[in-house]
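Asker: Hey, can you work out the whole structure from these sequences and the hints?
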Amino acid sequence: MSKTTTQHPDPPQSHNHDDDLIVAPKGSSRLRFFLTLAAVMFVLLIFTVGDQLASTLTGSGEADGPFMVWDHPERGRVELDRPTFLTQKRALSYVKNLFEGRGARVDDTDAALFIILDDLALSSGVRVTDTELAEFIMTSFGSGERFKQRANSFRISGRELQGHLRRYLRSSRFQNLIRVGAVATPDDIETLWKERHQEYAFHFVAKPTAQYRTTAESQVPGAEELQDWFHELPLNEQQTYHSEESFRLSVAWVNMDGAFDSTALMAAHPRPEDEDADAQAQAYYNLVSSSRFRRATPLDDDGEMDLRTRLYLPFDEVAEQCGKEAPVYFSMVDWRRSLESDAGVVPGDIDLAAAAAELGLSVQAEAAPRTSTGWRTGNEWGGRYVAGRLPVTQSGAFLPGVIVEEGALVVARVDERIPASEPPFDQIRDRVAENWTQKHMQHLALEAVQTMYDLLDQGAGEGARGQQGPLISFEAMLSTSGDAGLGVQEMTWLERSELPETDQGSIHQFGLFARTKPDLYTLEEGELVAPMVDGSGEHVYLVRSQGARDAALSKMEPKEVAGLRGLAGRTAAEGFDERTFNSRSFMQETYGVWIASWDYEDEAAEEEEETAG
153 MSKTTTQHPD
163 PPQSHNHDDD
173 LIVAPKGSSR
183 LRFFLTLAAV
193 MFVLLIFTVG
203 DQLASTLTGS
213 GEADGPFMVW
223 DHPERGRVEL
233 DRPTFLTQKR
243 ALSYVKNLFE
253 GRGARVDDTD
263 AALFIILDDL
273 ALSSGVRVTD
283 TELAEFIMTS
293 FGSGERFKQR
303 ANSFRISGRE
313 LQGHLRRYLR
323 SSRFQNLIRV
333 GAVATPDDIE
343 TLWKERHQEY
353 AFHFVAKPTA
363 QYRTTAESQV
373 PGAEELQDWF
383 HELPLNEQQT
393 YHSEESFRLS
403 VAWVNMDGAF
413 DSTALMAAHP
423 RPEDEDADAQ
433 AQAYYNLVSS
443 SRFRRATPLD
453 DDGEMDLRTR
463 LYLPFDEVAE
473 QCGKEAPVYF
483 SMVDWRRSLE
493 SDAGVVPGDI
503 DLAAAAAELG
513 LSVQAEAAPR
523 TSTGWRTGNE
533 WGGRYVAGRL
543 PVTQSGAFLP
553 GVIVEEGALV
563 VARVDERIPA
573 SEPPFDQIRD
583 RVAENWTQKH
593 MQHLALEAVQ
603 TMYDLLDQGA
613 GEGARGQQGP
623 LISFEAMLST
633 SGDAGLGVQE
643 MTWLERSELP
653 ETDQGSIHQF
663 GLFARTKPDL
673 YTLEEGELVA
683 PMVDGSGEHV
693 YLVRSQGARD
703 AALSKMEPKE
713 VAGLRGLAGR
723 TAAEGFDERT
733 FNSRSFMQET
743 YGVWIASWDY
753 EDEAAEEEEE
763 TAG
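Going by my numbering, the sequence shown opens with residue 153, and the numbers climb by one from there.
Where hints are given, some of them may not hold.
As the list claims (entries may be wrong) - Below 27 Å or equal to it, Euclidean Cα-Cα: the simulated DSS-like pairs (lysine-lysine) are:
| id | residue 1 | residue 2 |
| --- | --- | --- |
| 1 | K346 | K300 |
| 2 | K591 | K707 |
| 3 | K248 | K300 |
| 4 | K346 | K711 |
| 5 | K241 | K300 |
| 6 | K669 | K346 |
| 7 | K346 | K707 |
Stated by the list, open to error - Here are the in silico distance ranges between beta carbons for each label pair:
| id | residue 1 | residue 2 | range |
| --- | --- | --- | --- |
| 8 | D578 | D453 | 50 to 56 Å |
| 9 | T674 | E653 | 48 to 54 Å |
| 10 | R462 | G526 | 30 to 36 Å |
| 11 | T529 | P571 | 35 to 41 Å |
| 12 | A353 | T529 | 50 to 56 Å |
| 13 | E653 | D380 | 46 to 52 Å |
| 14 | T525 | W645 | 53 to 59 Å |
| 15 | M708 | N734 | 16 to 22 Å |
| 16 | T742 | G253 | 31 to 37 Å |
| 17 | G689 | T343 | 56 to 62 Å |
| 18 | F251 | T742 | 43 to 49 Å |
| 19 | A700 | S631 | 24 to 30 Å |
Bear in mind the hints are in silico, worked out from the structure with no lab data behind them. Because the structure is a prediction, the values reported are computed rather than measured. Positions of the beta carbon are idealized from the N, C-alpha and C atoms, including for glycine.
Answerer: Structure follows, in structure tokens:
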């Protein structure tokens, strides 16, 4: 008899979690368990420490404490909590964005000033009526609908934005009323006038560069060295020696003298049967009158005549002529368009001469290349307007449309653009040699005057210096220039906009030179600047300033006073604002203003100073 053996299951094995900080429940996704736990902790953090976090970020000691405090002249201490303050700040931001765009920035100080001014305005009886507000909106935005659209862009109602705008206008009106006391005095106007009317005087030595021509010409280098020098010049200077860009054209045209037989053209490109001839003539006139119907001599201006009437014949006078020319023009436009209408056609491959001959048009082909200036004249078909379009037309391309010259209708194609290029050097050698000579003359003159400058600089000593050069006496300049065989000239007291009234051409030339050198008008009295070549290259100047002085008030003109009074008034108002409402110390002393963010900003500034120190 067989014996049955029963297998008992092994006892469950224990799981070792000694190294696990968190154990997920059996059968649960370990990742999902961790994400759920993290979400729960985040929610607990937000709802249990939110107030403390807000307090830390805003810099306030307590979340429910005042964020702004100020002293109203009548009501005494006024406190605003953070939500109320932010609501007011947001209101100002909406209005600022209306006028300055989305990038307008409003800080806590701006918001505090807005709050205080608006409250003071209300207490003082300053109002902005509904009519005034409506007029302002219509003037600034054109319509109430456009104003509502701006409000919608801020996600607020038009009525709410009107309220914010009314407060802004009211506070601005109150501020302007206070500014009335900041008026410009006669002394302010005089000060501004004198700032704009400074007079300057200079002593100068002028060294003509022409004195060195013979020496420079004797030192012109050989051809190879001169060519190397030429190629070291700035590219834009080299290009002045290059040949001009030229163009090879193919041209088809119709003379508008009445001799053209348009039969073939009109048969190939007929006008629509229902085309309005009068409207066609008017359209033609509107398109071509500036080139086709210009008056031989402009009419005299009587003060009432418009420019078009003075320069061009009116349609009524040329209506019959327009009626004859318009069909030819518009059929030629159709022909011009048909030349490129086939898909894949290359404009440069079209046989323009053959296509034009089929229609009886005149043709000019295989003409020698010319510059754009060269194409303006010497043609049977004109050229002024064709030449003007050449620089913007690519090689192998037609000029746009049908071009109306003074006596012809023209279709033109640029067959080839020949770029500007450097000619063989032997063709430009003489011009290059003259350029080298001119520059060397200036160099030699500069060297001579630089020697004078160095002597004066050494004699001045290390301590006697301005921003640009040594401080020297007139006597020292006179002595040094005398030793060099040169005299010292003087340009007496003049404003920058004035030129010397003298028969001495050298002083007048210096006046022109000085106006191109703004730094000369910043020199101290007695300051000498390093030698400079004038724009023409004819003189090298050594200049000593005699300083600056106020112009005589007798030069003031009545028309200047009104403008300066307005400018002085604005300057006075701006200065008043800087001393008062834009000054934190004034606001603190006058109204006892405190903003929580100021403490945070001050602490940050102190830490930055300590770090920098």
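Asker: None of the hints should be skipped; say for each whether it holds.
Answerer: Each hint, compared with the structure:
1. Our distance criterion of 27 Å between C-alpha atoms is broken by K346 and K300, whose separation comes to about 50 Å.
2. Annotation: proposed proximity of K591 to K707 is violated, straight-line Cα distance about 43 Å (limit 27 Å).
3. With a CA separation close to 16 Å, the supplied pair K248 and K300 stays within the 27 Å bound.
4. Restraint check: the Cα-Cα separation between K346 and K711 comes to about 15 Å, which is no more than 27 Å; the hinted pair holds.
5. With a C-alpha separation of about 21 Å, the suggested pairing of K241 with K300 holds against the 27 Å cut-off.
6. Under the criterion of a C-alpha separation no larger than 27 Å, the hint pairing K669 with K346 is consistent with the structure, at around 21 Å.
7. About 10 Å separates the Cα atoms of K346 and K707, which keeps this hinted pair within 27 Å; it holds.
8. The hinted range of 50 to 56 Å is satisfied by D578 and D453, whose Cβ atoms lie roughly 54 Å apart.
9. Separated by about 25 Å at the C-beta atoms, T674 and E653 break the suggested range of 48 to 54 Å.
10. At roughly 32 Å, the beta-carbon separation of R462 and G526 lies within the given 30 to 36 Å, and the hint holds.
11. Distance hint for T529 and P571: a CB-CB separation of about 23 Å, inconsistent with the stated range 35 to 41 Å.
12. Taking 50 to 56 Å as the suggested C-beta distance range, the pair A353 and T529 conforms, at roughly 52 Å.
13. For E653 paired with D380, a C-beta distance near 48 Å keeps the hint of 46 to 52 Å intact.
14. The beta-carbon spacing between T525 and W645, approximately 48 Å, falls outside the hinted interval of 53 to 59 Å.
15. Look at M708 against N734: about 32 Å separates their beta carbons, and that is not inside 16 to 22 Å.
16. In this structure the supplied range 31 to 37 Å holds for T742 paired with G253, their Cβ-Cβ distance being about 33 Å.
17. In this structure the hint that G689 and T343 lie 56 to 62 Å apart at CB is violated, the actual value being about 42 Å.
18. For F251 and T742, the Cβ-Cβ distance of about 28 Å falls outside the hinted range of 43 to 49 Å, so the restraint is violated.
19. Range check, A700 to S631: about 25 Å between beta-carbon atoms, so the 24 to 30 Å window is met.
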